[in-house]
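So the protein lines, in turn, are chains A and B. According to the working numbering, the first sequence is numbered sequentially starting from 1. According to the working numbering, the second sequence is numbered sequentially starting from 402.
Don't read these hints as lab results, they were simulated from the structure. Glycine included, every Cβ here is placed at the ideal spot set by N, Cα and C. Any given hint could be a false lead.
Pairwise CB distance ranges (calculated) [to be verified]:
hint, chain 1, residue 1, chain 2, residue 2, range
1, B, Ala492, A, Ala315, 45 to 53 Å
2, B, Asp508, A, Glu19, 38 to 46 Å
3, B, Glu479, A, Leu325, 27 to 35 Å
4, A, Glu156, B, Gly512, 52 to 60 Å
5, B, Lys494, A, Gly256, 17 to 25 Å
6, B, Lys444, A, Asp175, 33 to 41 Å
7, A, Arg378, B, Asp556, 47 to 55 Å
8, B, Glu470, A, Gly256, 30 to 38 Å
9, A, Ala315, B, Arg549, 24 to 32 Å
10, A, Asn23, B, Lys444, 47 to 55 Å
11, A, Pro74, B, Lys444, 38 to 46 Å
12, A, Asn66, B, Pro480, 14 to 22 Å
13, A, Leu381, B, Asp556, 49 to 57 Å
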Amino acid sequence: MATQLDDPRIVEFDVRTDEMLVNMGPQHPSTHGVLRLVLRTDGEIISEVEPHLGYLHRCAEKIGENLTPRQWIPYTDRMDYLAGMSMNLGWALCVEKLLQHELSEKAKHLRVIIAEMQRIASHLVGMGAYGLDLGTFSPFLYAFRERERILDLFEEACGARLTYSYITPGGATADLPSGWLQKCAAFLDQFEPIIQDYHDLLTTNKIFIQRTAGIGIMSADMAIDYGCTGPVLRGSGVDHDLRRDGEERYTEMYDGYAFEVVAEKDGHYPQDHDYPPVPPEAVVGDCWHRFYVRMLEVVQAVDLVRQAIDRYSTASGDWGIPIKLTQKLPKGEVYLETECPRGQMGFYLVSDGSSIPWRTRARSSCFCNLSVTADLCRGCLIADVPAIVGSLDIVMGEIDR
Amino acid sequence: MSESNSFLDKLKKKFGDGITGSNFDAIDPWIEVKPEAIVDVCKYLKTEPGLQFDMLNCISGVDYFHTDEKKASKADWEPHLEIVYHLSSIALKHTLVVKVMLPRWKDGQEGVLPEIPSVEKVWRTADWHEREVFDLVGVQFVGHPDHRRILCPEDWVGHPLRRDYEMPLEYHGIRGR
Numbered sequence: 001m002a003t004q005l006d007d008p009r010i011v012e013f014d015v016r017t018d019e020m021l022v023n024m025g026p027q028h029p030s031t032h033g034v035l036r037l038v039l040r041t042d043g044e045i046i047s048e049v050e051p052h053l054g055y056l057h058r059c060a061e062k063i064g065e066n067l068t069p070r071q072w073i074p075y076t077d078r079m080d081y082l083a084g085m086s087m088n089l090g091w092a093l094c095v096e097k098l099l100q101h102e103l104s105e106k107a108k109h110l111r112v113i114i115a116e117m118q119r120i121a122s123h124l125v126g127m128g129a130y131g132l133d134l135g136t137f138s139p140f141l142y143a144f145r146e147r148e149r150i151l152d153l154f155e156e157a158c159g160a161r162l163t164y165s166y167i168t169p170g171g172a173t174a175d176l177p178s179g180w181l182q183k184c185a186a187f188l189d190q191f192e193p194i195i196q197d198y199h200d201l202l203t204t205n206k207i208f209i210q211r212t213a214g215i216g217i218m219s220a221d222m223a224i225d226y227g228c229t230g231p232v233l234r235g236s237g238v239d240h241d242l243r244r245d246g247e248e249r250y251t252e253m254y255d256g257y258a259f260e261v262v263a264e265k266d267g268h269y270p271q272d273h274d275y276p277p278v279p280p281e282a283v284v285g286d287c288w289h290r291f292y293v294r295m296l297e298v299v300q301a302v303d304l305v306r307q308a309i310d311r312y313s314t315a316s317g318d319w320g321i322p323i324k325l326t327q328k329l330p331k332g333e334v335y336l337e338t339e340c341p342r343g344q345m346g347f348y349l350v351s352d353g354s355s356i357p358w359r360t361r362a363r364s365s366c367f368c369n370l371s372v373t374a375d376l377c378r379g380c381l382i383a384d385v386p387a388i389v390g391s392l393d394i395v396m397g398e399i400d401r
Numbered sequence: 402m403s404e405s406n407s408f409l410d411k412l413k414k415k416f417g418d419g420i421t422g423s424n425f426d427a428i429d430p431w432i433e434v435k436p437e438a439i440v441d442v443c444k445y446l447k448t449e450p451g452l453q454f455d456m457l458n459c460i461s462g463v464d465y466f467h468t469d470e471k472k473a474s475k476a477d478w479e480p481h482l483e484i485v486y487h488l489s490s491i492a493l494k495h496t497l498v499v500k501v502m503l504p505r506w507k508d509g510q511e512g513v514l515p516e517i518p519s520v521e522k523v524w525r526t527a528d529w530h531e532r533e534v535f536d537l538v539g540v541q542f543v544g545h546p547d548h549r550r551i552l553c554p555e556d557w558v559g560h561p562l563r564r565d566y567e568m569p570l571e572y573h574g575i576r577g578r
C-alpha cells in the first residue's frame, strides 16, 4: 500500500524530536585525557551532563600504603603530570609536617623557584590547550615553545622533563646546578615580553571573547559549595590563595614575598602590571575570567621567581638534604593543602609509627573542580561544553589518581 | 590550640552526647562525632557565625584492621573504620577535622556495609567525595542522591582500600593476580 504523505500521523512521526544521548569521550580531544561525558541533549541544548571518570585510576592511594614516603614521591608526579613539582612539594610538606622537620631558608627559596616555574609551565599548557578546545591551534604552539625551555631548565636541575621526583621530604634531591640561576633569569627576561603575544592571541581576541565571555557563569557561593579551588575559585571573585591564607608551614615559604592574590576585588584585578582590560561582555565567574586569572598568575609567578632567585643566592643554609629512604614516621596523622597550579592539592597521611604510612590520601583539586560541570553545563549549547570543561583546566591523572 | 577548644565548648553545649571525643594535642586537632549527629553538627559548623566552615576540603575513609593476627593482638585499637572530614573556612581562614567512627560491618555481619548519613545537602563537595569513599573504602551513605561507584567500574567487586581486600582473580577475562 502506498504511503499517504498527507496522513497527519505520519507527519507527526517524522518531525517528532527526541532527547538524544551523546557520548563525548573518553577519547575526545577536548576532554583533556580520558574523561567521558554523557550529554543528554534536546536539539543543541544540553539538559544533563554526566561525567564518568576512573579510566586513569592507578590505585595511587593503595600503593602509598605499601611504600615509604620517599618511595611514594614518583607516584605523586603521575597525579597531576603537568605540574609534577607541585605534587612533589605538597607531599613533601605533608611528610615534613608529620616529622616536624624544619627547612633552611635556602631550601625554602629553592622550592619557591621550582614551584613557581612549574606554575608558569602548567598554565602555559592550560592556555594552549584551551585554545585547542576552542578551535585555534597556534596559541598551543606558542605556549609549548616557552614551556619547552622551562622543561629544559628542569631537566638540567633534576634529569627529568615530566615526572621529576625532585622535591622530596627534607628538601630536594640535589642543589640547583651552577649557572642555573643565570639561565633561569635569562629565560624570564625573554619570556616576560612574550606574554603580550598570548594576550593578543587569546585574551583580547574577539572570537575568543565571544566563545568564553558570559559562558559557564559560576557564582562565588556555588564555587565554594562545590569545593572549587585555585583559578576556578578566584575566577569567581573569591579572594583566597593558600600561598597567603594557607597553613603556616606552607605560607612561611612565601614570607616577605611581594605578591597580590589574583582575583577581582571591588570591580578590578590587581594593577601591579599593565594587564589587558576586561571586555564588557565578560561576567565575573565565567570562562573568560577563569582564563584571565591563569594568565595573570603567569605574570605573578614571573615576579615571584625573580624575587626567589635574589633570595636564594644570598640565603644561608643547605638546599635541604632528603630524609632517609626508610625514615621512621612518628605516630599520628596530618593533612596539608598547597596551592598547586590547578587548585588546592591536599595530602592526608596517617602513620602507625612504622616507616610505611598506614593510609595515604590525596585530595585532588581537579576532582572537585570537575564535579561542578553538570551544574555549569545545564542549559548551554553543545559547543559550549568544551569551552566550560576547558576553562576548568582539568588533568585526569589527578582526578583518577 | 585554644581556638579549637572554643569550637568544642560551643559544640558540646549544642549537641551534648553527639560529640564523643576530641584531641587538641594532635598536629591537626580533631573532634569525634556520633554517626547519627554528623549532619546536624555539619550544618551547625557551616552556618554558625564565628565558625562558618563553608568549605569541605576532603572526606577520607581509613580502615583500621590488621590482617596479621600477631599484629592485631598488639594493636591498641579495635578494628573499625574512620571517616575523616577536613573542613576549612574561607571567610575566617581556620580549619577543623571532624571524625566519625564506624564499625567495619553493619551489626557485625560481614559483607554488609556500615551506614552513615550523607552530608551532601550541606556541602555539594560531599557528593563525589562520598561516592569515592563508598567505592574505595566501602561505606554506605544514607540519603546520598546518586550512590554509585565513581573510580572503579560499576560491576567491580569489593572495596580496594579495605585492609583485607583481595584483588579478584579475574575481571571480564583479564587476569587479576
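Going down the list of hints, with the structure as the test:
no., hint, result
1, B:Ala492 - A:Ala315: 45 to 53 Å, "violated (35 Å)"
2, B:Asp508 - A:Glu19: 38 to 46 Å, "holds (43 Å)"
3, B:Glu479 - A:Leu325: 27 to 35 Å, "holds (33 Å)"
4, A:Glu156 - B:Gly512: 52 to 60 Å, "holds (55 Å)"
5, B:Lys494 - A:Gly256: 17 to 25 Å, "holds (19 Å)"
6, B:Lys444 - A:Asp175: 33 to 41 Å, "violated (51 Å)"
7, A:Arg378 - B:Asp556: 47 to 55 Å, "violated (29 Å)"
8, B:Glu470 - A:Gly256: 30 to 38 Å, "violated (54 Å)"
9, A:Ala315 - B:Arg549: 24 to 32 Å, "violated (51 Å)"
10, A:Asn23 - B:Lys444: 47 to 55 Å, "violated (38 Å)"
11, A:Pro74 - B:Lys444: 38 to 46 Å, "holds (41 Å)"
12, A:Asn66 - B:Pro480: 14 to 22 Å, "holds (20 Å)"
13, A:Leu381 - B:Asp556: 49 to 57 Å, "violated (34 Å)"
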